[in-house]
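Undergrad: Sequence:
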Amino acid sequence: MIRSRSPEESPASERAAGAPAVHVFRDGKLGARCAELLTGAGARVTTSALDAGAPGALPDAVIVLATDRPRPAAAHALDAAAFAARVAWTSGTLLAHELRIGPSIVPGRTPCFACFSRRVRSVALDLEAHDALEALGASGDLRPWFQGELAAVTEQAAALLAAEALALSKERGAPEPPRAGAARMGRFWECDVTSGALRARRFARVGLCGRCAAGEHAAGRGASLAGYFAEHPLAIAGSSGVGGDR
Numbered sequence: 001m002i003r004s005r006s007p008e009e010s011p012a013s014e015r016a017a018g019a020p021a022v023h024v025f026r027d028g029k030l031g032a033r034c035a036e037l038l039t040g041a042g043a044r045v046t047t048s049a050l051d052a053g054a055p056g057a058l059p060d061a062v063i064v065l066a067t068d069r070p071r072p073a074a075a076h077a078l079d080a081a082a083f084a085a086r087v088a089w090t091s092g093t094l095l096a097h098e099l100r101i102g103p104s105i106v107p108g109r110t111p112c113f114a115c116f117s118r119r120v121r122s123v124a125l126d127l128e129a130h131d132a133l134e135a136l137g138a139s140g141d142l143r144p145w146f147q148g149e150l151a152a153v154t155e156q157a158a159a160l161l162a163a164e165a166l167a168l169s170k171e172r173g174a175p176e177p178p179r180a181g182a183a184r185m186g187r188f189w190e191c192d193v194t195s196g197a198l199r200a201r202r203f204a205r206v207g208l209c210g211r212c213a214a215g216e217h218a219a220g221r222g223a224s225l226a227g228y229f230a231e232h233p234l235a236i237a238g239s240s241g242v243g244g245d246r
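Numbering of the sequence shown is given in UniProt numbering, commencing with residue 1 and proceeding in unit increments.
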């Protein structure tokens, strides 16, 4: 009788070969705890401290940006690098008693981080406050925004972020769905721990974005020009039209 081995009985080298690869850019306790949870789940985890500069060459792994406060400049830099390398990435951040997991971005399948940022700004209740917070997050001042720590919030965010990274790793190897570039939406989660509400959100790209819809943007412009000149033919000087004088 042929008996298959359970994962626990398989050699460590075999389990490691099929384990998801995740790299965590960490800034504070959230990133460290997320990496611990991913390792405990069997993922092959590497980490590096997040600095003020743009990320270098990205490893062939799902990328996680985990920060104890919003770091929009780092997110934009990572998004540009991830799109250039065609690497999937997600993020998690804390803001006092609130947390956000995502957006989760797969180049060629989902909207980019710039589209996400524009969508979020478009629904901001207080635009001046939103812009001020973004400017502070993008500044070179990397000091913490709050004193102390809400350990339970960090733990919840780390668990959700680790789960999202593992889910994204599975999606990365799946076949691309039909019309993914046009139909696939991005996702993220928001949670206010004072109310206990965890909300799943979806977002679409903004128009024909030059990054996440570059091919469709070029095709759209070509089709638009072809359609215009089909309806408005040009009369070229010195040439004769059909049935015209010679």
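FYI, nobody ran anything at the bench for these hints, they're computed from the structure.
Glycine included, every Cβ here is placed at the ideal spot set by N, Cα and C.
It is possible that some hints are incorrect.
Distance windows between CB atoms, simulated [unchecked claim]:
(1) Gly-108 with Arg-44: 20 to 30 Å
(2) Glu-155 with Ala-200: 33 to 43 Å
(3) Ala-167 with Val-193: 15 to 25 Å
(4) Gly-207 with His-130: 18 to 28 Å
(5) Gly-207 with Ala-152: 37 to 47 Å
(6) Gly-207 with Ala-151: 38 to 48 Å
(7) Leu-136 with Ala-21: 31 to 41 Å
(8) Ala-80 with Met-185: 32 to 42 Å
(9) Ala-96 with Ala-200: 29 to 39 Å
(10) Arg-172 with Ala-200: 13 to 23 Å
(11) Gly-196 with Arg-44: 25 to 35 Å
(12) Gly-18 with His-130: 37 to 47 Å
Undergrad: All the hints need checking, so say for each whether the structure fits it.
TA: Each hint tested on the structure:
Under the hint 20 to 30 Å, the C-beta atoms of Gly-108 and Arg-44, about 24 Å apart, fit the expected range. Between Glu-155 and Ala-200 the Cβ separation comes to about 20 Å, which falls outside the hinted range of 33 to 43 Å. A beta carbon spacing of about 22 Å between Ala-167 and Val-193 agrees with the range 15 to 25 Å that was offered as a hint. Checked against the hint of 18 to 28 Å, the C-beta distance between Gly-207 and His-130 comes to roughly 21 Å, which is consistent with it.
Between Gly-207 and Ala-152 the beta carbons are some 40 Å apart, a value that agrees with the proposed interval 37 to 47 Å. For Gly-207 and Ala-151, the Cβ-Cβ distance of about 42 Å falls inside the hinted range of 38 to 48 Å, so the restraint holds. Between Leu-136 and Ala-21, the C-beta spacing of about 34 Å keeps the proposed range 31 to 41 Å intact. About 21 Å separates the C-beta atoms of Ala-80 and Met-185, a value inconsistent with the hinted range of 32 to 42 Å.
For Ala-96 and Ala-200, the Cβ-Cβ distance of about 21 Å falls outside the hinted range of 29 to 39 Å, so the restraint is violated. For the pair Arg-172 and Ala-200, the supplied restraint of 13 to 23 Å holds, since their beta-carbon distance comes to about 20 Å. A hinted range of 25 to 35 Å holds for the C-beta pair Gly-196 and Arg-44, which are about 34 Å apart. The hint said 37 to 47 Å for the Cβ distance between Gly-18 and His-130, and at roughly 43 Å that hint holds.
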